[in-house]
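Chemist: With the working numbering applied, the sequence shown covers 2 to 154.
I should point out that these hints are in silico values taken from the structure, not numbers from a laboratory. Be careful, since some hints might not be right.
Here are the simulated SDA-like pairs of lysine to any residue, each with C-alpha atoms no more than 25 Å apart in a straight line [claimed, not checked]: (1) K104 / D73; (2) K104 / Q85; (3) K121 / G38; (4) K104 / E94; (5) K104 / E72; (6) K104 / G131; (7) K104 / G125; (8) K104 / L129; (9) K104 / L128; (10) K104 / G74; (11) K104 / P78.
Since the model is a prediction, treat every value here as computed from it, not as a measurement.
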Amino acid sequence: MDISSLIGMASQAFDKDGNGRVDMQEVIAALGPLLGGLQGGAQGGSGLDLAGLVTRMQQSGLGNKAQSWLEDGPNEPVSDAQLQTVLGNERIEEFAGRLGLDKTDALHGLEELLPNLVDKSSRGGQLLPGLGGEGQDAAGGMLGSLIGSLFKR
């Protein structure tokens, strides 16, 4: 499956209206609480903490998957159960609720989005400066642009 197919699947999962359009502002707003504060900050923090996501994956025994996302080769897939372990049910349910999706659809979309998001935010096994950590003002805008580019058809 190529990147276009993966992005198409992810955008369909987040298309709550079934009209073929994804409201990127809603997705970005929902990702903040989902991925914020993963490195010990307050739950529901507003920053997109990709470094925290990678750390949580490593702590959950998914370090090989996380490393594949960071490196320049193919991304290993992640399952619903693995995402629930890393992110927690409460965060995933909140994310789904913000997008008007059921939890299963949200998880399927995240299975496609998160590997690609980390992959596009990294080079040579490392997150790019300004894209990985929580609380970086410019990071939200850069990640918003990156997420938007992932969903372009």
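Chemist: Determine which of the earlier numbered hints do not hold for this structure and return their numbers in increasing order.
Modeler: When the structure is compared with the hints, numbers 1, 5, 6, 7, 8, 9, 10 turn out to be violated.
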